[in-house]
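J.: Chain by chain, the residues run as shown.
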Amino acid sequence: MLTVCPYFHVHQPYRVKKYRVFDIGEDTEYFNDASGTDLDNRFIVEKVAEKSYRPTNKVLKELLDKHPEFRFNLSFSGTVLDQFEAYAPDVLESFQELVATGRVEILADTYHHSLAFFYSVPEFKRQVQKHERRIKQLFGVKPRVFRNTELSYRNDLAKWCEDNGYLGIMAEGWEKYLGWRSPNYLYHPPGCSKIKVLLKNYKLSDDIAFRFGNKEWSDWPLSADTYADWIHAYHGDGQTVNLFMDYESFGEHQWEDTGIFEFLKVVPEMILRHPDTSFKTATETVTSYDAAGEYDVPDILTWADTERDLTAWIGNDIQRDAIAATYRMEESVMKTRKRDLIETWRKLQTSDHFYYMCTKWSNDGDVHAYFSPYKSPYDAYITFMNALSDLKLRVDHVVAAKEAVAAAKADQLAGEAKPPQPQLDPPPVAPPEPPTSPAAVLPQSPSLGLARTLWNRLKKIFPAALPQRKST
Amino acid sequence: MDAVGLSAFVVIVRLCAMKVLTFSWEYPPAKNGGLGVACFGLTRELLHEGVAVTLVLPKTQETRGDARVLFADTERLVRMGENADLMFGPYNQAATTVESIIGYDATGRPIYQSRTILQEAHRFAHQAAIIAQMESFDVIHAHDWTSYLAGVAAKIASGKQLVLHVHATSFDQAASDNVDPSIFKIEKEAFELADKVVTVSEYTRNIVVNKHGIDAAKVQVVHNGCDAEPVRELPPTLVELKRQGKKIVLYHGRISIQKGVDYFVRAARRVVDQDPDVIFVISGWGDMMTQVIDQVGSMGLSEHVRFAGALWEEDRDRMYQSADLFVMPSVSEPFGLVPLEALQHGTASVISKQSGVAEVLTHALKVDFWDVDEMANQILSALRYPVIRQQMVAEGRLQMLGMSWQIAARKIKQLYQNLLQYATS
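Quick note, the sequences are listed as chains A and B, same order.
If you're matching positions, the first sequence starts at 1 in my numbering and goes up one per residue.
If you're matching positions, the second sequence starts at 1001 in my numbering and goes up one per residue.
Any given hint could turn out to be false.
To be verified - Below are the DSS-like pairs computed for lysine-lysine, each with C-alpha atoms no more than 30 angstroms apart in a straight line:
hint : chain 1 : residue 1 : chain 2 : residue 2
1    : B       : K1353     : B       : K1247
2    : A       : K338      : A       : K360
3    : B       : K1218     : A       : K392
4    : A       : K18       : A       : K66
5    : A       : K130      : A       : K203
6    : B       : K1413     : B       : K1185
7    : B       : K1188     : B       : K1059
8    : B       : K1185     : A       : K375
9    : A       : K203      : A       : K176
10   : A       : K335      : A       : K392
11   : A       : K392      : B       : K1247
12   : A       : K375      : B       : K1211
13   : B       : K1353     : A       : K375
14   : A       : K265      : A       : K338
15   : A       : K335      : A       : K58
16   : A       : K125      : A       : K338
17   : A       : K18       : B       : K1247
18   : B       : K1019     : B       : K1059
19   : A       : K360      : B       : K1353
20   : A       : K459      : A       : K335
21   : B       : K1211     : A       : K360
22   : A       : K335      : A       : K136
23   : A       : K335      : A       : K402
24   : A       : K136      : A       : K47
25   : A       : K18       : A       : K47
26   : A       : K136      : A       : K159
27   : B       : K1246     : A       : K18
28   : A       : K360      : A       : K176
29   : B       : K1353     : B       : K1059
30   : A       : K338      : A       : K130
31   : B       : K1185     : A       : K392
32   : B       : K1353     : A       : K18
33   : A       : K215      : A       : K51
What the hints contain is simulated information worked out from the structure, not anything from laboratory work.
Turn these sequences into a full structure, and let the hints steer you where they fit.
T.: So this is what it looks like as structure tokens:
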């Protein structure tokens, strides 16, 4: 028995618009570019919907209708779901229809497509939970198998997933850790007893995702027939062929004119033609097979580049500076308890922002090696840091105001707790001050004491923002 | 030996002892701009590559390096050939009827000044024809418009192939299409007569192809190199300002319309409005000096802009090392060596997109010279986030290792070889 477990990853970030130093403190909207360029999030989602999401979902639905054995997995970032809801609700509906067949599994993920696990596990956990709630709300299902941003993986992530009830986790099937072994079996992470790792067969996955339309490739043009033969060749040496790729491979990375849709339309049939070959979802896969051995990954492993690491995201100084500055804000952001500030901070955690700052290949002058809506990695960094600076300003204001309230409350409590002093003489009567502020015109009362203290503290923090006393 | 074998043999002999007669207007150690630096770097590396360079300069001067040098003001014993005067026919008229614009005054009126450069260029050409008859060489290489006539004259006198090397054009100098007609005429006619035109950037190649109308197949880009030598750490300058916590933004170069210093001053206004702790240092001298000083005064920037005069050698290097950021705001810059010099001294740059160096240096902030807001944004951001400067310096220095004069010289040598092969076949 050989089964195929395809998984398509759907994601769009919220790109930060051109945001200059002069905008700090002036403009709180970072993601609302409407220029019809690659910084315009609505424009991109509409464009990719037309080129990829709509035609691909149509093909996938037909395949599910035609082949009862056909199954696959999807993973969504929360940021793409939010953008579908806002900009292309029909696309969201078409995904819901796919999931409603019961043969399309949704994987667990971080809501904001972030690298939070490697910077703050508590924040990571909050994002995973938020993602789970969103998936439940939109699709009515609960993910059982986890995949992390850019397929990033490490032993401790697997342990975290096991501790949090996941049955499986996905990772790159990389020789460095596999050795002579095949990626076409399940493995178990060291120190784990239940969870199993599904390994990407990167050769067969990348044949579609990267090489399909490449005319320089020796196997171009790739027919569904040939591809199915390559899969069938694993009979007798493997249980599951895991094909992991970006959903946007269909129609966006590989354009329609490469024949990618024709390929997708027939490839399941070609695969099923061989007896004893079928499809399984991720959960079905991990519950059907036993682990063949241990997959020990002490350092971060991803599906990116020939290095299979995070250097495209955190490989240079500006990337590390930007991501460190982002996570340094965690404590104060969470302290605000303001939904919009927390959400904006999380949108800035999306890994794409750091990817745009990559300078890995820029020395070769190959600036197009990496896709980016910014003119250079440095433009990306400046834009990001300016937006982050503005957010920090807003967060600091809210935190300072909250602290002022807390301190005022403390003062008030301390005042009330004081034992009443015996009044020997009536207090000296001060000449009545001219009414100067709304608080001052009201009659004195104990409950007003708190308001006054607060008012005075706020004045110290925001001398310019509050209404000034008018001199009479 | 058959005919093919013989001609191949001739080619090999010629290549083994390739001799080049090079004309340049400037050469170190005389204090001048990028032209002299580029000629020196290229000549030095061509000598290393086994090309025998004979350098011809217009006036007697001290020279650096190992090249054999001739000076065109030395009295020649050989008289000019009888028809020598005819060689310069096309340019005599230009010299007598056209004045040259060397800059613009504060009100924007062109400053017509001495035709001495034009006259000098013609005198240089006369001498070049004589030298070309005396010397033995395989190919002629002339740098920039002041030497183009000399190159053309040498070509006519010797019948050898001519390479013209474009370090700048009249369009760069004018910073517009309002070019000096006499220089344009020399450029265009010389380009047409040349066997090959070398430009220091794609940016300049586009000008030569589109504005001078030269056949694109004849124009080849050889980017300038840069000497990545270990830099000596010098005692800092502007110490008092630094002690006060001021950040230093440096301009270094000629103060002329081409260099965009007026845009730099406008960006300074925008920067200082946001951050009063920034000091702009303008190092250099030029025909736009008075205008820029007036502009600084009228924009209320006197406290924030310092004029350092023209700095050379160690003074310049100290300034590079002490600055927090360098800006090259050129309106039109064929190459632009200064950001690379700044980089060597550990200072990152904001550079104009209208420059050749922007094609080869990835690790700099790039801006359209007219986009004053964006220039100010980049300056403020670079000062605000020090990591971006660190990274541009660290990675930029690595990138500079790939921009050596040796690489440029090898391309030039290959170009000579191609020319000579065509000549013998």
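J.: The structure should be examined with respect to each hint, and the outcome stated for every one.
T.: Results for each hint:
1. Restraint check for K1353/B and K1247/B: the C-alpha separation of about 24 angstroms stays at or below 30 angstroms, so the hint holds.
2. For the hint linking K338/A to K360/A, the alpha-carbon distance of about 37 angstroms lies beyond 30 angstroms, and the restraint is violated.
3. Pair hint K1218/B plus K392/A does not hold up; C-alpha atoms about 56 angstroms apart against a cutoff of 30 angstroms.
4. Proposed proximity of K18/A and K66/A is contradicted: the alpha carbons are some 47 angstroms apart, above 30 angstroms.
5. Between the alpha carbons of K130/A and K203/A the distance comes to roughly 33 angstroms, so the proposed pair goes past 30 angstroms and is violated.
6. Under the criterion of a C-alpha separation no larger than 30 angstroms, the hint pairing K1413/B with K1185/B is consistent with the structure, at around 29 angstroms.
7. Restraint check: the Cα-Cα separation between K1188/B and K1059/B comes to about 25 angstroms, which is no more than 30 angstroms; the hinted pair holds.
8. Taking the CA atoms of K1185/B and K375/A, the gap is near 38 angstroms; set against the 30 angstroms cutoff, the hint is violated.
9. Among the hinted pairs, K203/A with K176/A is consistent with the structure: their alpha-carbon atoms are about 15 angstroms apart, no more than 30 angstroms.
10. A C-alpha spacing of about 12 angstroms is found between K335/A and K392/A, which places the hinted pair at or below 30 angstroms, so the restraint holds.
11. Under the criterion of a C-alpha separation no larger than 30 angstroms, the hint pairing K392/A with K1247/B is consistent with the structure, at around 24 angstroms.
12. Between K375/A and K1211/B the alpha-carbon distance is near 28 angstroms, which keeps this suggested pair within the 30 angstroms criterion.
13. Between the alpha carbons of K1353/B and K375/A the distance comes to roughly 12 angstroms, so the proposed pair stays at or under 30 angstroms and holds.
14. For the proposed pair K265/A and K338/A, the alpha carbon gap of about 47 angstroms is over 30 angstroms, so the pair is violated.
15. A threshold of 30 angstroms between alpha carbons decides the hint, and for K335/A with K58/A the separation of about 45 angstroms lies outside it, so the pair is violated.
16. Proximity of K125/A to K338/A is assessed by CA-CA distance (about 18 angstroms); at most 30 angstroms being required, the pair is judged to hold.
17. The suggested pairing of K18/A with K1247/B holds, with an alpha-carbon distance near 25 angstroms, which does not exceed 30 angstroms.
18. Using a Cα cut-off of 30 angstroms, the hinted pair K1019/B and K1059/B holds, with the two alpha carbons roughly 22 angstroms apart.
19. Note on K360/A and K1353/B: the hinted pairing holds, with a Cα-Cα distance of about 22 angstroms set against a maximum of 30 angstroms.
20. Distance hint between K459/A and K335/A is fulfilled; the C-alpha atoms sit about 21 angstroms from each other, no more than 30 angstroms.
21. Restraint check: the Cα-Cα separation between K1211/B and K360/A comes to about 37 angstroms, which exceeds 30 angstroms; the hinted pair is violated.
22. With a C-alpha separation of about 27 angstroms, the suggested pairing of K335/A with K136/A holds against the 30 angstroms cut-off.
23. Straight-line distance between C-alpha atoms of K335/A and K402/A comes to about 9 angstroms, which keeps the hinted pair within the 30 angstroms bound.
24. Only pairs whose Cα atoms come within 30 angstroms are accepted, and K136/A paired with K47/A is accepted, the gap being roughly 27 angstroms.
25. Pair hint K18/A plus K47/A holds up; C-alpha atoms about 20 angstroms apart against a cutoff of 30 angstroms.
26. Taking the CA atoms of K136/A and K159/A, the gap is near 24 angstroms; set against the 30 angstroms cutoff, the hint holds.
27. Distance check on the hinted pair: K1246/B and K18/A sit about 28 angstroms apart at the alpha-carbon level, within 30 angstroms; holds.
28. Annotation: proposed proximity of K360/A to K176/A holds, straight-line Cα distance about 22 angstroms (limit 30 angstroms).
29. With a C-alpha separation of about 36 angstroms, the suggested pair K1353/B and K1059/B falls outside the 30 angstroms cut-off, and the hint is violated.
30. The straight-line distance between the Cα atoms of K338/A and K130/A is roughly 16 angstroms, inside the 30 angstroms bound, and the hint therefore holds.
31. The hinted pair formed by K1185/B and K392/A fails the criterion: a straight-line CA distance of about 59 angstroms is larger than 30 angstroms.
32. Between K1353/B and K18/A the alpha-carbon distance is near 18 angstroms, which keeps this suggested pair within the 30 angstroms criterion.
33. Taken as a hint, the K215/A and K51/A pair is honoured in the structure, with Cα atoms around 21 angstroms apart against an allowance of 30 angstroms.
The structure shown violates the earlier hints numbered 2, 3, 4, 5, 8, 14, 15, 21, 29 and 31.
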